[in-house]
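Engineer: Chains E and C, in that order, give the protein sequences.
Using our numbering, the first residue of the first sequence is number 704, and each one after it goes up by one.
Using our numbering, the first residue of the second sequence is number 117, and each one after it goes up by one.
Keep in mind the hints are simulated off the structure, nothing from the lab.
Hints may be right or wrong, so weigh each one.
As the list claims (entries may be wrong) - To spell it out: a stretch of chain E is covered by chain C in this simulated footprint if at least three of its residues, at any positions, have a beta carbon under 8 angstroms from a beta carbon of chain C; those stretches are: (1) 713-726; (2) 739-752; (3) 756-770; (4) 835-847; (5) 859-870; (6) 877-884.
Unchecked claim - Derived DEER-like restraints, expressed as beta-carbon distance ranges: (7) P795/E <-> A187/C: 33 to 39 angstroms; (8) L134/C <-> D832/E: 19 to 25 angstroms; (9) G767/E <-> V223/C: 54 to 60 angstroms.
Even glycine gets a Cβ: it sits at the ideal position worked out from N, Cα and C.
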Amino acid sequence: MASALTDAVVDDARRGEAAALTAIYESIAPGILAYLRGRGSWDAEGLTQEVFTQLLPQLRKVSGGAAGVKALAFTIAHSRLVDEFRRRQRGPEMPYDSELDGRKHGSAEDEVIRLGFGAATALLTSISDEQRTVILLRILGDLSLDETARIIGKSVGAVKQLQRRGLLALREQLDQQQARR
Amino acid sequence: MNDESTTATTIDEMVADLGADDHGAARLRALLADVGGLASELPEPSTGVRDLLRGAVPFRRRHRRVVAAAAIGALALGGTSAAAATNRLPDPVQSAVSEFANDHLPVNVPHPVHPVHPVHPVHPVHPAKPVHPTNPPFDAPGHIRNKPKAPKPVNTDAPGQLQKATKPDPQLPGPARPLDPGSFGRAHNDKAQQDHSGPNHPGNPKKTTHVDQSGKH
Numbered sequence: 704m705a706s707a708l709t710d711a712v713v714d715d716a717r718r719g720e721a722a723a724l725t726a727i728y729e730s731i732a733p734g735i736l737a738y739l740r741g742r743g744s745w746d747a748e749g750l751t752q753e754v755f756t757q758l759l760p761q762l763r764k765v766s767g768g769a770a771g772v773k774a775l776a777f778t779i780a781h782s783r784l785v786d787e788f789r790r791r792q793r794g795p796e797m798p799y800d801s802e803l804d805g806r807k808h809g810s811a812e813d814e815v816i817r818l819g820f821g822a823a824t825a826l827l828t829s830i831s832d833e834q835r836t837v838i839l840l841r842i843l844g845d846l847s848l849d850e851t852a853r854i855i856g857k858s859v860g861a862v863k864q865l866q867r868r869g870l871l872a873l874r875e876q877l878d879q880q881q882a883r884r
Numbered sequence: 117m118n119d120e121s122t123t124a125t126t127i128d129e130m131v132a133d134l135g136a137d138d139h140g141a142a143r144l145r146a147l148l149a150d151v152g153g154l155a156s157e158l159p160e161p162s163t164g165v166r167d168l169l170r171g172a173v174p175f176r177r178r179h180r181r182v183v184a185a186a187a188i189g190a191l192a193l194g195g196t197s198a199a200a201a202t203n204r205l206p207d208p209v210q211s212a213v214s215e216f217a218n219d220h221l222p223v224n225v226p227h228p229v230h231p232v233h234p235v236h237p238v239h240p241v242h243p244a245k246p247v248h249p250t251n252p253p254f255d256a257p258g259h260i261r262n263k264p265k266a267p268k269p270v271n272t273d274a275p276g277q278l279q280k281a282t283k284p285d286p287q288l289p290g291p292a293r294p295l296d297p298g299s300f301g302r303a304h305n306d307k308a309q310q311d312h313s314g315p316n317h318p319g320n321p322k323k324t325t326h327v328d329q330s331g332k333h
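Extracted from the complex, chain C is given alone in its bound form:
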């Protein structure tokens, strides 16, 4: 490799690239050969290099990286745990950490002050039961004001079950009230029919009026 013949070949290539082979090129070739002759002093190996030359395997950098990564991970985990124990994490993170810790770990981590997700369902769903909407009073335990209800599954094949409009259109009458003919009786049915023929029902043109905002009819 780095012996005289290959170095001479390299020098010849370099000088030949100049495109001239005269006395100047010969002097240049001699100069470059002198430069190549500088690589004649063998430095004394240091203690570390001497160990490596004996075949000693050093503590590899990859292992150091793994150790460093493990240390960083442990610090991050410890910091998160400490912050969660003192309820200092942001609410979503605090909620997630507290749920995980309370479920899987033998420690009790406080929930956030404003929970992101309710811990227990407020209204259990009974899809097979006939629907009698009875809202609990606002003071009832477990009631959340202005909380949108989850749509309850409706079994339209069940006897006596009326189909409800799931999405009320402001131009159309509101959804029909849940009826149970067996329990409400005739008077209730009449009232329901009146509701269907109310002022906003499209089938009652007499009572349908269009109010012009400008005051003209």
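Isolated chain E, as found in the complex:
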């Protein structure tokens, strides 16, 4: 788990102190990387670097202290991810041919487990994309409902509903797993 980010550190970073800037990176970058991976980015590491390339020069203009910096970082990450999804949609679509598929792992859930994300994370792939987005932003970014709503461009009520339905779906899956044991 990343270390805590304080308003004092952000103030130091605004003055250009290298140690404070590094502290911001070390505090936020792991959550950004996990969020991008959890949403299925093909280049989570590269996008994480793009997020900080855009974030760090804007530190002087950011208001709201540490929470404001964190919210802005996840806002940028979300936007970059949406851009990646759009680029994928514009790309050529190839029909799936199992004989040409050289992958050793058959499903996204298996791939997640192989990468060390844990079986728990694989459950997240069973809920809708919007529900997963809300849950990941709230936990990995430690963002409030209001901040999450602003990032994904929905109302607070809608975000609350997405979170509730996603958690209920996850709990149902957990109950089914428990019943099978």
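Add chain C to chain E, keeping to what the hints say.
Structural biologist: Using the frame of chain E, we list chain C on its own:
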């Protein structure tokens, strides 16, 4: 901020919103804690990010915008100048550009073929002089056919100056001719009086006739 305690608080809030605290909620809480544990890998910063972390200030986007705006402005100015030099602009624009360039710049830009505004006034105005309307012949230099004259200022206090009707009414007689009693003499005054008692003058009821368009009187 993003430490274990705050993440645990967030998870508790999220699970509490479901309204139940049973074994299912405990399993869900454990699941969400696992999700929070994903944020443990610190990615290696790229070269660009490493420079930024050392406090290097990048070339800011605002500066790039200013440079781009200046380039666009220079291109637009150059294009307009080139078009004006070859007389390809619309007449009003060409006129404005040529006047400005000829007045303020050391270049000669051609005027449009059909000038919008006359460059020099055709009839200079002398308000203090008695008016003797003498129209120049059509062949005279500087004469423009069918060009409406600008109303000349009339000094009604000047001696010998007659007041002219500025806006002739079709129902009323036309404006009186400019008279200078000292130079025209009596005969001219008589003629002027005849003009006042002409067929269209309201003071001469004998000659005023109304012609019915249908032919009935």
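Engineer: Would you mind marking each hint as holding or not holding in the structure?
Structural biologist: Hint check results:
no.	hint	result
1	713-726	holds (count 5)
2	739-752	holds (count 5)
3	756-770	holds (count 5)
4	835-847	holds (count 7)
5	859-870	holds (count 4)
6	877-884	holds (count 3)
7	P795/E <-> A187/C: 33 to 39 angstroms	36 angstroms, holds
8	L134/C <-> D832/E: 19 to 25 angstroms	21 angstroms, holds
9	G767/E <-> V223/C: 54 to 60 angstroms	55 angstroms, holds
In terms of the numbered hints stated before, the structure departs from none.
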